[in-house]
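Asks: Residue numbers (the numbering used here), protein chains in the order written: chain A, -2 to 398; chain B, 434 to 502.
Derived from the structure by calculation, the hints contain no laboratory data. Errors might be hidden in some of the hints.
Unchecked claim - Covered stretches of chain B, going by a simulated chain A footprint (3 or more residues, C-beta under 8 Å):
(1) 446 to 455
(2) 468 to 477
(3) 483 to 493
Ideal Cβ positions, reconstructed from N, Cα and C, are used throughout, including at glycine.
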Amino acid sequence: MKRIAVVGASAAGLTAAETLRRRGWDGHLTVIGAESRPPYDRPPLSKQILTGAWEPERAALRSLPDLARLRADLRLGQRATALDIPGRRVRLANGTSVGFDALVIATGVTPRRLPGSDLAGVHLLRTLDDAIALRAALLGGPRVVVAGAGFLGTEVAAAARAMSLEVTVIEPRPVPMQRAFGDRIGALVAELHRDHGTRLRCGVTLRRLRRAGGRVTGVELDDGTTLPADVVVLALGAKPATGWLEGSGLRLGDGVECDANCRAAPGIYAAGDVASWPHAHFGTRMRLEHRMNATEQAMAAAGNLLGDAAPFAPVPYFWTDQYDTRIQAYGIFPPDAEMRIVHGDPSEGRFAAAYGHRGSVVGVLGWNAPRQVRTLRRLVVDRAPWTAFAATRALSPAIVN
Amino acid sequence: MKVIIDQNRCVASGQCVLSAPEVFDQREENGIVVLLAETPSEHLADDVRQAVALCPAQAIWLEEQGDEQ
Chain A
-2 MKRIAVVGAS AAGLTAAETL RRRGWDGHLT VIGAESRPPY DRPPLSKQIL
48 TGAWEPERAA LRSLPDLARL RADLRLGQRA TALDIPGRRV RLANGTSVGF
98 DALVIATGVT PRRLPGSDLA GVHLLRTLDD AIALRAALLG GPRVVVAGAG
148 FLGTEVAAAA RAMSLEVTVI EPRPVPMQRA FGDRIGALVA ELHRDHGTRL
198 RCGVTLRRLR RAGGRVTGVE LDDGTTLPAD VVVLALGAKP ATGWLEGSGL
248 RLGDGVECDA NCRAAPGIYA AGDVASWPHA HFGTRMRLEH RMNATEQAMA
298 AAGNLLGDAA PFAPVPYFWT DQYDTRIQAY GIFPPDAEMR IVHGDPSEGR
348 FAAAYGHRGS VVGVLGWNAP RQVRTLRRLV VDRAPWTAFA ATRALSPAIV
398 N
Chain B
434 MKVIIDQNRC VASGQCVLSA PEVFDQREEN GIVVLLAETP SEHLADDVRQ
484 AVALCPAQAI WLEEQGDEQ
């Protein structure tokens, strides 16, 4: 195997490339990235970069000397447009192509848009340039509407409130972060935002963007009301960036469908937000858009590419920082799981919860309880029987949703 | 091997403690990384490198002697 190409130069692509080198693979390595910036980290974009606590340069994942030590042909600002599997080539937007013997796909996700997304005042947040543009807009003291109360939307709202802006979050579900953690935690997140002066409008859908003279002026909701806004942030989720793989012969479902070893086809692996795979421990196919998974899956995919033959079955880890609160989670959080408080007290702003599903602990969540939740992670690894927690105090009602 | 941490970058994920509990700990109140061993012994080196690679905030560095990299 003389040539490996990695498509995607963010956390997963960079980690795959570094893993290959750390494991002693010495062949010709090409890393292709659509953005012209050197690899940078995304979690700070909706936090420190927006509030201005960090200069944009601080989000860089590696120094330039560290990148040089990769001994990679780094093709930044070059978008992959097609994959030719029989010919073992990746085609690029500039008309050139890159040959490979093995390939890692790490092209991430693309944010969902709405008609009118290109209006002045409407922002998406995926790239560092997006974050810089949104920060510049927030500095003008606008009225802000954030559409979508998932991880990204709630973090953007918290950052905008930290800048003392007037912020409204709109969300079709009954509470924020419901899909991630269920109704009970979602209600606590709602309370957290209201306590910090963020307005929340849950159970409403954005019908259309209002405009005047090429600028957004507000959002029209399905309950007939209109919220005036100078800045509208669309945080409506994202789709796997697989457009360039259409017609390649790879299975594209919810992302690039891989086997348990992150392999999409012979010699072709995928990692990070773009990849789905069957998780042996939880017995379910999953695709994770979490920072930690980008690293872990890229390490596993690169290792398997080099011959490890090791199924990828991590305990997923993810977190969010909002205002003075840090929520951390290990495992999975199915909508029909049960939840019990196993440490602390929600009314004191510090607790840990366990989630049970089909008789076992499948997830643990910490709310300002980092050490406790790390210790509790063991319950997920061990598939601890849920019966042990039946007598534990629950938030009422105990069912998550 | 010398370990360097940046507590201002740390996001309290605890991945370093899971990888190398002899070398890293977390503050009780906010989970921020605490270094237990600045120059860990050689048998822990692979665990520490794993902690560096897994840290989701790039808050840990190594200064290594010899021919690493």
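Asks: Does each hint hold? Answer for all of them.
Replies: Comparing the hints with the structure gives:
Remark: the segment 446 to 455 of chain B is confirmed as covered by chain A, as 5 of its residues place a Cβ nearer than 8 Å to a Cβ of that chain, reaching the required three. Counting residues of the segment 468 to 477 of chain B whose C-beta lies closer than 8 Å to any C-beta of chain A gives 0; at least three are required, and the coverage claim is violated. Using a Cβ-Cβ cut-off of 8 Å, 5 residues of the segment 483 to 493 of chain B lie near chain A, which meets the minimum of three, so the contact claim holds.
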